[in-house]
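Q: Sequence:
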Amino acid sequence: MPSNAALGPKAARAAVFTFLSQWVRLIIRLVSLAVLSRLLEPSDFGIFAMATAFTGVVTLLAETGFANASIRARTLDAAEASTAFWGNLIVAIGLSGCCWVVSPLVANFFEEPRLSVVIRVLSISLPLSALAAQHSAILQRDLRFGQLVVSEVLAQSVGVAIAIGLAIYGGNYWALVGQQLATAGFTAVALWMIASWRPGFPRFTPGARSLLITGAHLSLVEVLNYGKSIVDQILVGRYTDATSLGEYSRAITLLSLPITQLFAPLNRVAIPTLSKLQDEPAHFTRTFRRMLVLVAVTSAPLLAVLVACPDEVVAIMLGPRFANSAPLLRLLAIASWGAPTTTATFWILIALGRSRRLIIILSIQFVLLLVALRIGVLWGTTGVAAAYAVTAQAIRMPTILFALHGGPVSPKHYVDSTWPSAVVAVLGGVAMWVVARAMMPMGAWASLSASLATGAIVMAILCVAIPAAREQIWAIASLHRLLARGRIAVPS
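According to our numbering, the residues represented by the sequence shown are 45 to 536, in order.
Incorrect hints may have been included.
Simulated DEER-style distance windows between Cβ atoms [to be verified]:
| hint | residue 1 | residue 2 | range |
| --- | --- | --- | --- |
| 1 | Gln322 | Ala497 | 41 to 47 angstroms |
| 2 | Ile168 | Leu422 | 43 to 49 angstroms |
| 3 | His449 | Trp236 | 40 to 46 angstroms |
| 4 | Arg158 | Gly363 | 19 to 25 angstroms |
| 5 | Val233 | Ile137 | 28 to 34 angstroms |
| 6 | Ser273 | Ala497 | 31 to 37 angstroms |
| 7 | Gly363 | Ala482 | 20 to 26 angstroms |
No lab work stands behind these hints, which were simulated from the structure alone.
The model shown is predicted, which means the values in this text are computed figures rather than measured ones.
Beta carbons: idealized from backbone N, C-alpha and C, even for Gly.
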């Protein structure tokens with residue numbers, strides 16, 4: 045295991061480079077979102093959302109658990125890596141075959157006959173993704189995020205270009221299918237070219253068996269987490285129609301896009317870094333709190349914008365055909381308030397090997413959300429979004445307390461690390477909402493520009509006026525320097 049002094053500089057370079065590169069990916073995805081939303085119909089996005097609600101689950105079963113098990117393992121030899129690779133690939137091929145068999149049943153469930161062939165074509169992406177999963181895990185384990193990000197940015201660009209081209213030539217929902225297949229295929233090719241590792245024959249050593257067991261647990265974790273995030277779209281697709289689901293899914297995309305693009309790189313750095321510190325509780329806690337502050341400071345203002353100005357964001361990003369997505373976006377943003385920092389507590393459970401507790405948390409969340417959303421769907425998409433908001437906020441604090449119980453990070457650590465950004469974002473959001481209402485007759489661009497400027501000024505003043513917020517901003521600004529010295533401290 046590398047020492048703290050050796051780990052600090054490498055983690056710092058990985059974190060800083062990855063965060064900077066995410067802005068490139070965010071711009072690419074925003075362009076894709078804006079262009080495709082104007083070229084395709086809401087029903088096209090609805091059909092694609094129905095298909096990916098099913099294929100997304102099997103994709104997670106095929107790859108994520110084994111990859112995360114490889115990342116968090118204390119040691120990983122060639123036999124264990126090869127066993128995980130072949131386990132990924134065999135499962136992915138089997139699940140791809142299952143997609144072909146059960147696709148008519150999924151089409152019948154959604155009462156959408158076009159889904160059958162869409163799911164079968166999308167299933168090709170499963171073995172393509174599995175081919176790249178272990179190579180990605182090895183690059184993450186070695187903190188080689190620069191090479192990993194370059195390959196993903198290129199793959200994303202290729203996928204977007206193909207999707208736009210197909211949409212221009214009347215490809216309807218097949219443009220979205222082509223985007224996913226192209227991205228998965230190019231990623232696999234790029235990672236095989238970048239990573240020097242090549243799989244050998246699998247050998248079921250004790251370490252490999254442990255890796256597969258851990259991978260199975262983490263696969264279940266990812267499936268439950270995905271199920272929790274997709275159950276609302278499944279219910280909307282089942283009990284409404286493709287157009288309503290298209291409007292709902294675009295609202296979810298607008299919500300998740302900025303959060304995911306900013307959160308994903310830290311997630312990649314956090315799990316391997318915390319896993320290497322799992323035998324050093326004090327250093328583990330300091331590192332996690334620093335990361336938690338970063339998540340809170342970056343996510344809370346973004347959610348405040350979506351709560352305050354959903355009409356303007358939808359008009360600019362999606363166009364007039366998706367006007368019905370605006371009220372849904374506001375409700376879903378309220379539902380997601382605090383979600384990024386809550387999800388960050390799951391890093392602790394994964395890094396410390398407490399996946400069973402995480403399975404319990406996600407299982408309970410899934411059941412509660414399913415019941416609430418099934419009731420909410422009686423009032424259409426608005427009812428689903430409102431039920432999601434109420435239930436998500438009701439279960440948030442119990443989830444945090446259970447996740448942190450008995451670990452090195454206490455609930456007080458969590459509160460101290462997150463309350464300043466929450467206060468700043470709420471007050472800034474109120475200011476943005478007032479300006480947005482006053483500027484609405486001037487048009488979406490003028491209203492959003494004035495609101496963002498006002499929010500930025502108010503939040504900046506609050507960050508200076510509130511000592512705890514000021515300390516957090518200063519701590520984030522000095523993150524690279526502190527990591528490079530191996531001293532990842534937090535404000536007292």
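Q: Run every hint past the structure and note whether it holds.
A: Now for the hints, and whether the structure bears them out:
1. Checked against the hint of 41 to 47 angstroms, the C-beta distance between Gln322 and Ala497 comes to roughly 44 angstroms, which is consistent with it.
2. Between Ile168 and Leu422 the C-beta distance comes to about 37 angstroms, which lies outside the given range of 43 to 49 angstroms.
3. With their beta carbons about 42 angstroms apart, His449 and Trp236 fall inside the hinted range of 40 to 46 angstroms.
4. Distance hint check for Arg158 and Gly363: the Cβ-Cβ separation is about 24 angstroms, which falls inside the suggested range of 19 to 25 angstroms.
5. Separation of Val233 from Ile137 is about 18 angstroms and departs from the stated range, judged on CB atoms against 28 to 34 angstroms.
6. For the hinted restraint 31 to 37 angstroms between Ser273 and Ala497, the CB-CB distance of approximately 33 angstroms keeps it satisfied.
7. Against the hinted window of 20 to 26 angstroms, the Cβ-Cβ separation of Gly363 and Ala482 comes to about 24 angstroms, which satisfies the hint.
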